[in-house]
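Given chain A, put chain B in place with the hints provided.
Protein chains: 2
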Amino acid sequence: MKMEKYPLKRTSSSSTSPISPTYQSVNKKYTNYSSRAIYTPTDEMIDISTSATGDVISRSPDNEDGLQYTVSFGAVQDSTEIPGIGQYDDFHTIDWQRDIARDRMRHRYLVKKKQDSIWNLVEGAHDAWSGWLCVLLIGLCTGVVAGVIDIGASWMTDLKFGICPEAFWLNQEQCCWSSNETGFDSRNCSHWYTWAEILGQKSDGFGAYTISYIFYILWALLFASLSASLVRMFAPYACGSGIPEIKTILSGFIIRGYLGKWTLIIKSVGLILSVSSGLSLGKEGPMVHIACCIGNILSYLFPKYGRNEAKKREILSASAAAGVSVAFGAPIGGVLFSLEEVSYYFPLKTLWRSFFCALIAAFILRSINPFGNEHSVLFYVEYNKPWIFSELIPFIGLGIVGGIVGTIFIKGNLYWCRYRKHSKLGKYPVTEVLVTTVITAIIAYPNRYTRMSTSQLIYLLFSQCGISNVDDLCDYDRNFTDVNSAIEIAEARSGVRSAIYLLVMALVLKLIMTTFTFGIKVPCGLFIPSLCLGAIVGRIWGIGMEQLAFYYPKNWMFTGECSTGDNCITPGLYAMVGAAAVLGGVTRMTVSLVVIMFELTGGVRYIVPLMAAAMASKWVGDALGKQGIYDAHIALNGYPFLDSKDEFQHTSLAADVMQPKRNELLCVITQDSMTVDDIETLLKETEHNGYPVVVSRESPYLVGFVLRRDLNLSFANAKRMIEGICGQSVVLFTNGNLPHNLGPPPLKLKKILDMAPITITDQTPMEIVVDMFRKLGLRQTLVTHNGRLLGVITKKDVLRHVRQMDNEDPNSVLFN
Amino acid sequence: MKMEKYPLKRTSSSSTSPISPTYQSVNKKYTNYSSRAIYTPTDEMIDISTSATGDVISRSPDNEDGLQYTVSFGAVQDSTEIPGIGQYDDFHTIDWQRDIARDRMRHRYLVKKKQDSIWNLVEGAHDAWSGWLCVLLIGLCTGVVAGVIDIGASWMTDLKFGICPEAFWLNQEQCCWSSNETGFDSRNCSHWYTWAEILGQKSDGFGAYTISYIFYILWALLFASLSASLVRMFAPYACGSGIPEIKTILSGFIIRGYLGKWTLIIKSVGLILSVSSGLSLGKEGPMVHIACCIGNILSYLFPKYGRNEAKKREILSASAAAGVSVAFGAPIGGVLFSLEEVSYYFPLKTLWRSFFCALIAAFILRSINPFGNEHSVLFYVEYNKPWIFSELIPFIGLGIVGGIVGTIFIKGNLYWCRYRKHSKLGKYPVTEVLVTTVITAIIAYPNRYTRMSTSQLIYLLFSQCGISNVDDLCDYDRNFTDVNSAIEIAEARSGVRSAIYLLVMALVLKLIMTTFTFGIKVPCGLFIPSLCLGAIVGRIWGIGMEQLAFYYPKNWMFTGECSTGDNCITPGLYAMVGAAAVLGGVTRMTVSLVVIMFELTGGVRYIVPLMAAAMASKWVGDALGKQGIYDAHIALNGYPFLDSKDEFQHTSLAADVMQPKRNELLCVITQDSMTVDDIETLLKETEHNGYPVVVSRESPYLVGFVLRRDLNLSFANAKRMIEGICGQSVVLFTNGNLPHNLGPPPLKLKKILDMAPITITDQTPMEIVVDMFRKLGLRQTLVTHNGRLLGVITKKDVLRHVRQMDNEDPNSVLFN
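In order, the protein sequences belong to chains A and B. The first sequence runs contiguously to residue 1133 in the numbering used here. The second sequence runs contiguously to residue 1133 in the numbering used here.
Just chain A, with the same shape it has in the complex (with noise of 0.2 angstroms):
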């Protein structure tokens, strides 16, 4: 988050008035609402953070009515004496609701000042505009962080087989294009050395392909090293998906560097170097974690995102959708899954910018065009069958396969990732992704399909058997006489069994690779390599049903539709449906997966074949393990994400998990008795973020809600200010004096109390109590019973209570 390096502006200011000097007159020009309302004073100190010095910081826009905005603390040099200060602390949770009063009155206050002068009315258009803005800035910059990468992974890629001598910065596609060679197979030109060429080898010969394997290995060890240790030392969040952690934030959680500058940059080195690492991984996790890191620090261009974690969340929900758009050049899959999978607070504002930013940036990069593919979409498919009804059995049947394949994954990933968690493993990060990267290598190679690349593979799966597909898999029986002619059915020959033997072993390598490669310690997402295996199986259940469909043309599956000769039935459909079955029992995506897999390949004709597959291999899927990968992994994380998908299903009380228990106290300030010195013991032995002020002890009725950092701020500068505040001062919430006071002139702070803190009474079923939690985006809410406070719940409690009856570790949430 890196709030602290935010351009700052030093102010010196000294003013006199105790505790907030300029809230008046700034409650002022609230007007109504301000002088009574509970966020100014909290909101004045949100304002105030410090710099990595310690300097207090202040917006100072003086205008002619000598409205300061400025909140300065006096002569406060040494913030050390005021813990507490800043917005949040690292690992807590966001209180939604004061965010967005927060903007709604920063928004109003912007309104109002419109009249003054051209100038705030220029400010307040650029308010207006900025959200677009933003989000215009973060679609470019994604595009071109997301073009930079494809190219130099696609260069990098190649470099593992050879070089182009003659310009050494193209890579095998663009060498052999560039030498205007022309054929069938653009990647074979004289132009292309391989590294056995390099050499003097013969291009064929043992020799030659021994130093091709050993260079191949010796590369991609170099490059996970590289990407490993890039990780290690210089951005440990850089590592994995990142979609687990994103979710987490998104649903109001501080991870402060999480989305910073390093882990942009190393983020997107190590990602290049992971995919031309030849690892079982794809980089659209990864691209998702990017934009996000590209959306955050954008926002503190604009303060009023920057500034406010709850706003700030709208434009990174819009960025995650930049991520997707450019991993797929998918832009409306990319907002269904921003929609879907990753955001927590999504108003229908966000709807459309996401669309905007997503679709700015899937433009950018097709203008960048890093493929030097001339179709926009990713694996484009034109099929010249459509499918037939009947198929939906095997679409069907595939989607079922898909789910126990995706559950199959899960549990071994899961389980692989607890045991590193838990044993030395996980203490040799980078020896494991070099063991793993050779293993890899070792076994890749020798394949022919797991040699190349993932996405040429799953293009290769997905296409169809025209007159220009030379590979093995479309060794049929039959002659072409020219492009347009009609493809015919026919018999396979040796090469295509041939081919389903390869890909068969492929199917398993890469399962069990991916497996053990999502969670090591370099940029790794799974999306492609789920979309490859579900390609795999489809594609050879494909030729099945093809050859079913040549051997017996009578079947009543086929009558009908196969009769006249032509190929009725396309493998490289079943490919497809295949990728999305097992993408869909991975990830759980529902929708969202259907839309980016028809921008992917085109094919807006397959929706309901996608879809049937997708919903069976979501059921299958749900019905042998309940969560999908983000999910368990934030899970295993023990992150402190409140799922919103999931429905509470018991039936415990507020009373039930409400703070203290039953014997305990509940620590409570009162609104007119404690002193600077009770209140301060209070702070010291708790460490509670915020306290309920009540009447009395002996009527504890609820007054209001008051910040620990508040308080903290409050007292150093009284203390410093104000003379005759001393310990024993009194600490006065109300309006009035206290009646007959001896001592120390008491301490008013009626200012800093929340007076509209959310409550709920002590028979409010948890149900209801987690929903508001969900919905409103609270932080916490009192307990009362007939108008007495009884104790509090934080979210903390709720996510405690939420997995003690889900039968798991409560403690396993991350401090919060």
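Any given hint might turn out to be false.
Same chains, same names: a pair is fine if it fits in one copy or spans any two.
[Unchecked claim] No more than 20 angstroms apart at the CA atoms, straight line, and that leaves these computed lysine to aspartate or glutamate pairs for EDC-like:
id	residue 1	residue 2
1	K1092	E657
2	K728	E1125
3	K1092	E964
4	K429	E964
5	K943	E1125
6	K962	D1079
7	K430	D973
8	K621	E964
9	K1113	D1126
10	K431	E964
11	K871	E808
12	K1092	D960
13	K962	D444
14	K1092	D420
15	K1092	D963
16	K962	D1123
17	K429	D1123
18	K666	E964
19	K1113	D1079
20	K666	D960
21	K429	D444
22	K1068	E1015
23	K1067	D1079
24	K1067	D994
25	K943	D1126
Derived from the structure by calculation, the hints contain no laboratory data.
The following block gives chain B in isolation, referenced to the frame of chain A:
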């Protein structure tokens, strides 16, 4: 809603327990929770509803435990004695929290029972599956109904022009198709006879023209009068588009009969008639209404949905998606429309089910294939040329024009509707329809473009000028050698000029007539007319651009792209973009609009132009007038709709809004000091739906909230069945007994007390209160200060306050 029509099962079981004989046994089953929970009694009470004849209904799936799930009130024969029975009254707001809680309890009960027997297991499985089954059925029915409507409307539209004497049930296209005469224009063949030909006139000549003209007007009048009379006589709710009302219903409002079977039937028939009458209206909005009727009716097959208003709204959201899906063949667009425009409460589960429902409906409709169209999309387009970057400027220009046209339409339509509402005009709906029809028919017939059906016109405008297009619009100075030849840029000839003249006429006519038509008392939507307006504007704009490119090929906008002599400007694409722009200007849809447009046209490549235009249109529209047509109609009709898109921007506090105002007395019930008579007097004197229960008048600390309905039921029952209960009995809402009771025995009513009402403090800003009402779906909230009850805020109060703050008449909110 026709709750009372639902098949009933009478029960005459009389039990001896005083108030609610089977609460105890039910509670036992609900374990822990319900013995303390607050929803139980209310829940059971809700299951009681009266049939139209006043009988008490109950469900009694008695099982071997002797558990009576029945709640009956003894020998109650005449429900007129117990007013307020039944779920919700007409024009009342639903309580989302309570309904959802009821459903959760029901679910838990089923889960618990599941272990008891195989039958219960099946019941549980059926329950889990019923949501999917329900949307499946809705999808099927919606698809079929939409197919019937499409076929009927298409046949009757052609009936205005002529008939197929050999097979009168065929429309013109099918008639010609069955005659096997092939040609570019499939609509001219010898089997089809115009009315003039039937009457023996030559097919050309003035006489034939006049006869056709007259027949056209007569048929139009017949259809329109039939439609209007049907609506007036049988289902007044069937008029209009229905989307404003559905938005209101989905936001949690009850309008009985609005989604009933009569509305369904009349709306379907009326829609066919009104579309065929040639009025300037579309069938898309009404299709959403029809789908929601189907959803509502089918939901009664599944008590989980039919008897729970909150759950039913999940089904209705899915139905709305299916409605758009069949209207446009756009399942994803339908889901997004439902999400963005219509729905209020849209959990993720609903997203997935909506998608399923929309897909099934679209699939069924495609299988019926009412248009005989090979493509699954309504206006399939395939342009040879992609758009060029600099074209974004004219596209954005189109967007601006679209926003302006949309606003003109909204303002004009609102003005006319308001006039209709407040003048004599409103008393003669049928006459208005007839006059509108005659005027439309008279003006429309002479112009070729307004004479054809609006869909045909849109299709023509969207299409590209290829070899097969013989319309005047494609009268360019070029020759086609064969179908595959490139379309060169060429000079427009006189045909294009005359076509433009006619199109401008058509534009003016359609704009004026649609303004007057939307709102008349026949089923009418405005999607298709809006699309048509936009397509005309866009096509003209596009032809202009094209000719610009022809005459100034060296202009910076066209260089590089148009220099090859190919036609780089496709006027059809402009028509598509213009259509999106005007529709966006009218409805203010965004993402769903773009998705609908590309599903409608199959043009995935044109997202960026569509998006740019939609965005420009929305911004311009929002700048000129804030509300879209649906929101404007909601405001016009004063529906109690709390828009979740608008942010509440004012600074009032809960204390300003709550009832009672200063100097009035709050109606409360004390927990242990009021007699039955006291409370009955209170019930008679006031009309509130519920009353807060406090400790005592002197210390009004909140204990709970009790509903008027529950009080009435309990009193009536108790007086009849518990001995000694009379008007002087003290009503106890506590557990204990009266300390020294000398009078009649007390009536214990703790079980009907909701002990977890949502409360807020009087200092809570209204923005938070509004947020809570929206997000938690509250019906009312109680306002406290230091634990003491001060007042109540109902949804009606909130709506009134919002209106008041927006300087509108607060009394325009429908009585709630």
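Now the hints, each set against the structure:
1. K1092 / E657: both (16 angstroms within a copy, 18 angstroms between copies)
2. K728 / E1125: For K728 and E1125, only the intra-copy Cα distance (17 angstroms) is at most 20 angstroms; the inter-copy one is 59 angstroms.
3. K1092 / E964: both (13 angstroms within a copy, 16 angstroms between copies)
4. K429 / E964: Between copies, since 16 angstroms is at most 20 angstroms while 43 angstroms is not.
5. K943 / E1125: Within one copy only: 14 angstroms inside a chain, 50 angstroms across chains, cut-off 20 angstroms.
6. K962 / D1079: neither (25 angstroms within a copy, 33 angstroms between copies)
7. K430 / D973: neither (49 angstroms within a copy, 25 angstroms between copies)
8. K621 / E964: between (34 angstroms within a copy, 16 angstroms between copies)
9. K1113 / D1126: Answer is within; shortest intra-copy Cα gap is 13 angstroms, inter-copy 45 angstroms.
10. K431 / E964: Result: close only across copies, 19 angstroms inter versus 45 angstroms intra.
11. K871 / E808: within (16 angstroms within a copy, 56 angstroms between copies)
12. K1092 / D960: both (11 angstroms within a copy, 17 angstroms between copies)
13. K962 / D444: between (34 angstroms within a copy, 19 angstroms between copies)
14. K1092 / D420: For K1092 and D420, the Cα distance is within 20 angstroms both inside one copy (18 angstroms) and across copies (19 angstroms).
15. K1092 / D963: Both: 13 angstroms inside a chain and 17 angstroms across chains, each within 20 angstroms.
16. K962 / D1123: The answer is within: 15 angstroms in one copy meets 20 angstroms, while 36 angstroms across copies does not.
17. K429 / D1123: between (50 angstroms within a copy, 16 angstroms between copies)
18. K666 / E964: between (26 angstroms within a copy, 11 angstroms between copies)
19. K1113 / D1079: Cα proximity of K1113 and D1079: one copy only (18 angstroms, versus 28 angstroms across).
20. K666 / D960: between (22 angstroms within a copy, 13 angstroms between copies)
21. K429 / D444: Result: close within a single copy only, 13 angstroms intra versus 54 angstroms inter.
22. K1068 / E1015: Neither: 24 angstroms inside a copy, 30 angstroms across copies.
23. K1067 / D1079: Between. Shortest inter-copy distance 16 angstroms satisfies the 20 angstroms Cα cut-off; intra-copy 27 angstroms does not.
24. K1067 / D994: within (18 angstroms within a copy, 45 angstroms between copies)
25. K943 / D1126: Result: close within a single copy only, 17 angstroms intra versus 52 angstroms inter.
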